[in-house]
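Now for the letters of each chain:
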Amino acid sequence: MYAQMVQSTGKGVKSSEDMTPEERAFQARIDAGEKIEPKDWMPPAYRKNLIRQIGQHAHSEIVGQLPEGNWITRAPTLERKAILLAKVQDEAGHGLYLYCAAETLGVSRDDLTEMLLDGRMKYSSIFNYPTLNWSDIGAVGWLVDGAAIINQVPLQRTSFGPYARAMVRVCKEESFHARQGFDAIRKMADGTPAQKRMAQDSLNRLWFPALMMFGPPDKDSPHSAQSMAWKIKMNTNDELRQKFVDQTVPQIEFLGLDLPDSGIQWNEEHGHYDYTDPDWSEFFDVLKGNGPCNVDRLAARNKAWDDGKWVRDGLMAHAKKKAAAKVAAE
Amino acid sequence: MKNEWPLWEVFIRGQHGMSHRHVGSLHAPDAEMAIKNGRDVYTRRNEGLSIWVVESNHIAASSPSDKGPLYEPSESKVYRHPTFFDIPDEVGAM
Ligand SMILES: [Fe+2]
Ligand SMILES: [Fe+2]
Chain W
0 MYAQMVQSTG KGVKSSEDMT PEERAFQARI DAGEKIEPKD WMPPAYRKNL
50 IRQIGQHAHS EIVGQLPEGN WITRAPTLER KAILLAKVQD EAGHGLYLYC
100 AAETLGVSRD DLTEMLLDGR MKYSSIFNYP TLNWSDIGAV GWLVDGAAII
150 NQVPLQRTSF GPYARAMVRV CKEESFHARQ GFDAIRKMAD GTPAQKRMAQ
200 DSLNRLWFPA LMMFGPPDKD SPHSAQSMAW KIKMNTNDEL RQKFVDQTVP
250 QIEFLGLDLP DSGIQWNEEH GHYDYTDPDW SEFFDVLKGN GPCNVDRLAA
300 RNKAWDDGKW VRDGLMAHAK KKAAAKVAAE
Chain E
0 MKNEWPLWEV FIRGQHGMSH RHVGSLHAPD AEMAIKNGRD VYTRRNEGLS
50 IWVVESNHIA ASSPSDKGPL YEPSESKVYR HPTFFDIPDE VGAM
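Just so you know, the sequences run in chain order W and E. In this text, residue positions in the first sequence follow numbering that gives the first Met the number 0: the first is 0, and each later residue adds one. In this text, residue positions in the second sequence follow numbering that gives the first Met the number 0: the first is 0, and each later residue adds one.
In short, the hints are calculated from the structure, not lab data. There could be a bad hint or two in this list.
A partial selection of chain E residues facing chain W, derived with a Cβ cut-off under 10 Å [unchecked claim]:
{"no.": "1", "residue": "4"}
{"no.": "2", "residue": "5"}
{"no.": "3", "residue": "22"}
{"no.": "4", "residue": "23"}
{"no.": "5", "residue": "24"}
{"no.": "6", "residue": "25"}
{"no.": "7", "residue": "26"}
{"no.": "8", "residue": "28"}
{"no.": "9", "residue": "30"}
{"no.": "10", "residue": "31"}
{"no.": "11", "residue": "36"}
{"no.": "12", "residue": "59"}
{"no.": "13", "residue": "61"}
{"no.": "14", "residue": "62"}
{"no.": "15", "residue": "63"}
Even glycine gets a Cβ: it sits at the ideal position worked out from N, Cα and C.
Could you put together the complete structure from these sequences and hints?
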């Protein structure tokens, strides 16, 4: 979800007989629930896959600051502003925890950043949708962070130690994000008729993009099997999406808003809500770079990187000069 | 030319008198900035009372393949655990 459509080996899961002794021992460790640590032997494809997945996850946290950052200076009260600022700052932290985890696999931070900036690496499709008004900020916390929690909680048990530990930290902070969003949208839903209409409109616009966060349907997710065998993906896309729908529909009803999809219906037999799938051609189009905000988001990240260069270089030069002076004085 | 800030490992001592514990890493130009960044990245919710930072390339680590030879000597010394000894019930807590 924060990592959608991560390419795997391209081949299916190897059978035990086809594995080398090293691969077999590695898989046995994973099956036994052991954590893989950076210096342990790992199949090159496991490493490559994880760099893609964790990198994409980290980029999503960073780019995800943009739609919300857009409203910090225009929050309706000082309290909401302070809360949103803290929330967005947490997302920067999440990005940093995840970049650290990726770096233990032998990729450098600058390389990851450059791959984001030139489009070689992706971030979640959801952040290519705009936040048009304050109500959208509430909806993002409620729905987007709500979906993120559903994705991230199981990843605390993922097989790669640094990734799992980063997820533990992230998950501790996420429920604040979802709750502040729900609290903000609830104010709107309980407000004037005009405010309630705004809340409904945010829900209607963000519902399907939120469902897309979990990635394409299982039947179109050819890479999932290997990732699941490696325990770098713990549940299928459709399982997580269903969980999100089941959790969110009662919240929509609590808010007194209309369901954003006429196909949502309790299915007694399955014990789940039925729902309409998002328009997957839109999803693939957004991933390709054609969403409403793809160009803006990448331009903003590139500008921040370029504008920050003199600061990065200046501080590094200062640090080197100080270190040299210290050596000279000894 | 690449001019990446070095990587630092961050250790935090929390509220309850425990030792400093590794919490993660970050990039910073020097130690002073590493501590400031460590404060922002790892103690946004009062997680710590003290921060240590050390440049990652100064850390020496044992290698996983040494696991056998490194830890094998202690495996056979079960008498190091108090449960090895049977203390009769009449003796009471010990
Ligand atoms: Fe996050
Ligand atoms: Fe969040």
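Taking each numbered hint in turn, which are not upheld by the structure, reported in ascending numerical order? 12
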